[in-house]
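Student: One letter stands for each residue in the lines below.
There are 2 protein chains.
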Amino acid sequence: MKNLAEPTEEKLDAIIEAAQKRFGIYGAEKTSMREIANDLHLSKASLYYYFPDKENLYKAVIEKEQAEFLGTLQNDIDSMNDPAICLKRYAINRLSYFRKLVNLGRISPGSYADLKPLILETFLQFRSRELKMVTGIIEKGRKSGVFTAKDSSEAAVLFLDILRGLRSIALSDRKLMGISDKEFEELAGHISSAAEIFIKGLMYRKQNK
Amino acid sequence: MKNLAEPTEEKLDAIIEAAQKRFGIYGAEKTSMREIANDLHLSKASLYYYFPDKENLYKAVIEKEQAEFLGTLQNDIDSMNDPAICLKRYAINRLSYFRKLVNLGRISPGSYADLKPLILETFLQFRSRELKMVTGIIEKGRKSGVFTAKDSSEAAVLFLDILRGLRSIALSDRKLMGISDKEFEELAGHISSAAEIFIKGLMYRKQNK
Numbered sequence: 001m002k003n004l005a006e007p008t009e010e011k012l013d014a015i016i017e018a019a020q021k022r023f024g025i026y027g028a029e030k031t032s033m034r035e036i037a038n039d040l041h042l043s044k045a046s047l048y049y050y051f052p053d054k055e056n057l058y059k060a061v062i063e064k065e066q067a068e069f070l071g072t073l074q075n076d077i078d079s080m081n082d083p084a085i086c087l088k089r090y091a092i093n094r095l096s097y098f099r100k101l102v103n104l105g106r107i108s109p110g111s112y113a114d115l116k117p118l119i120l121e122t123f124l125q126f127r128s129r130e131l132k133m134v135t136g137i138i139e140k141g142r143k144s145g146v147f148t149a150k151d152s153s154e155a156a157v158l159f160l161d162i163l164r165g166l167r168s169i170a171l172s173d174r175k176l177m178g179i180s181d182k183e184f185e186e187l188a189g190h191i192s193s194a195a196e197i198f199i200k201g202l203m204y205r206k207q208n209k
Numbered sequence: 001m002k003n004l005a006e007p008t009e010e011k012l013d014a015i016i017e018a019a020q021k022r023f024g025i026y027g028a029e030k031t032s033m034r035e036i037a038n039d040l041h042l043s044k045a046s047l048y049y050y051f052p053d054k055e056n057l058y059k060a061v062i063e064k065e066q067a068e069f070l071g072t073l074q075n076d077i078d079s080m081n082d083p084a085i086c087l088k089r090y091a092i093n094r095l096s097y098f099r100k101l102v103n104l105g106r107i108s109p110g111s112y113a114d115l116k117p118l119i120l121e122t123f124l125q126f127r128s129r130e131l132k133m134v135t136g137i138i139e140k141g142r143k144s145g146v147f148t149a150k151d152s153s154e155a156a157v158l159f160l161d162i163l164r165g166l167r168s169i170a171l172s173d174r175k176l177m178g179i180s181d182k183e184f185e186e187l188a189g190h191i192s193s194a195a196e197i198f199i200k201g202l203m204y205r206k207q208n209k
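Protein chains in written order, with this note's numbering: chain A, 1 to 209; chain B, 1 to 209.
Simulated from the structure, these hints should not be mistaken for laboratory data. These numbers were taken from a predicted model, which means no experiment stands behind them. Any given hint could be a false lead.
It does not matter which identical chain is used: a pair holds within one copy or between any two.
[As the list claims (entries may be wrong)] Simulated crosslink set (SDA-like; lysine to any residue; CA at most 20 Å straight-line):
(1) 200 / 146
(2) 182 / 154
(3) 88 / 200
(4) 88 / 206
(5) 200 / 55
(6) 206 / 145
(7) 116 / 66
(8) 150 / 188
(9) 59 / 127
(10) 21 / 82
(11) 206 / 85
(12) 132 / 32
(13) 54 / 164
(14) 150 / 192
(15) 140 / 160
Given the sequences, and given the hints that come with them, work out the whole structure.
Tutor: Spelled out as structure tokens, the structure:
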């Protein structure tokens, strides 16, 4: 019981990191709580003190990855002035993140409705955060007169759904999981072109005809 | 054996139509070849003379529906001069067709990779036909100076993939099959807006800034 005596933030982080490694190599299904405890020289009881089950630990890993990705995106956005370039970079960064998640086995083709509620929740939370981020980019472009969108949030929803849709069909057309370099390049080209046309659409002015 | 004596085009059409009705009401899985034969007062042997199995009959039904839909689209395209309006109408017509297929149980969420090869073949054939159609619309707009796309076929692939992606995620977010009027209206609004921005993107000219 001595492990329980000292619950710390550091231990929490260490557990999440160890789980992230195991999940990354073997997948969440083939990883047991005992293995993660062993990796850290923790008792199983100690591990369960932090996380009641593997699902909650899995959720914590996903949330950590999401926070890291959103942080990277925010830095990228903050370092850039042109909202059109910013949106285009968002499309490609988002695809890189998707690729990482697919290759780690975090995402598989099939219905969102199949996800466990706890995991679905983190995905929905992530989506609302990225929506806020992209709305911010479009709003900035609208205020500076680059974009003509009446409703920045609506345009952001469309932009994100278009990207998500293109990723979704790329995944559904394939039998095997994992995205190779070649496939990634192809998909990135496709998504870049779509994003580019969409961004031009946001910049379109009628008098220009 | 007398039924086999007179294989005709009319009988073929009657079989496809009877199967279409049964598949529409009960779904392909819950329909037997015997039921279709009974509907037409045909012997089972007679029916098998025309179609070796249910899958081939199912394929014929899908191909009939596809041909009808493509015919309707072509008429719509031919009756219209403005390629921008034409593309936008395509997006909505395509969604109506999708709704019909979903409500008939012809499409379910999940991987294309799960489809039987025979059925996948008809979907791919359909896709290459609609690509040809949409390429034609964009090429017309390009020649008349409305669209700025360098490659009409590439732009058509993007346009169709965006529509398909938006349909795909709309389906994957839901547990139940079938699309209600309300859901259709929402999705149609969403797809219209996306198509509109994309079309403006095709019309965008740099000097307009």
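Student: Each hint: holds or not?
Tutor: Right, here's what the structure says about each hint:
| no. | hint | result |
| --- | --- | --- |
| 1 | 200 / 146 | both (10 Å within a copy, 14 Å between copies) |
| 2 | 182 / 154 | between (33 Å within a copy, 19 Å between copies) |
| 3 | 88 / 200 | both (11 Å within a copy, 17 Å between copies) |
| 4 | 88 / 206 | between (23 Å within a copy, 17 Å between copies) |
| 5 | 200 / 55 | neither (42 Å within a copy, 45 Å between copies) |
| 6 | 206 / 145 | both (14 Å within a copy, 15 Å between copies) |
| 7 | 116 / 66 | within (18 Å within a copy, 36 Å between copies) |
| 8 | 150 / 188 | between (28 Å within a copy, 19 Å between copies) |
| 9 | 59 / 127 | within (15 Å within a copy, 39 Å between copies) |
| 10 | 21 / 82 | neither (37 Å within a copy, 56 Å between copies) |
| 11 | 206 / 85 | between (22 Å within a copy, 15 Å between copies) |
| 12 | 132 / 32 | neither (36 Å within a copy, 52 Å between copies) |
| 13 | 54 / 164 | neither (28 Å within a copy, 36 Å between copies) |
| 14 | 150 / 192 | between (24 Å within a copy, 15 Å between copies) |
| 15 | 140 / 160 | within (17 Å within a copy, 30 Å between copies) |
Hints 5, 10, 12, 13 from the earlier list are contradicted by this structure; the remaining hints agree with it.
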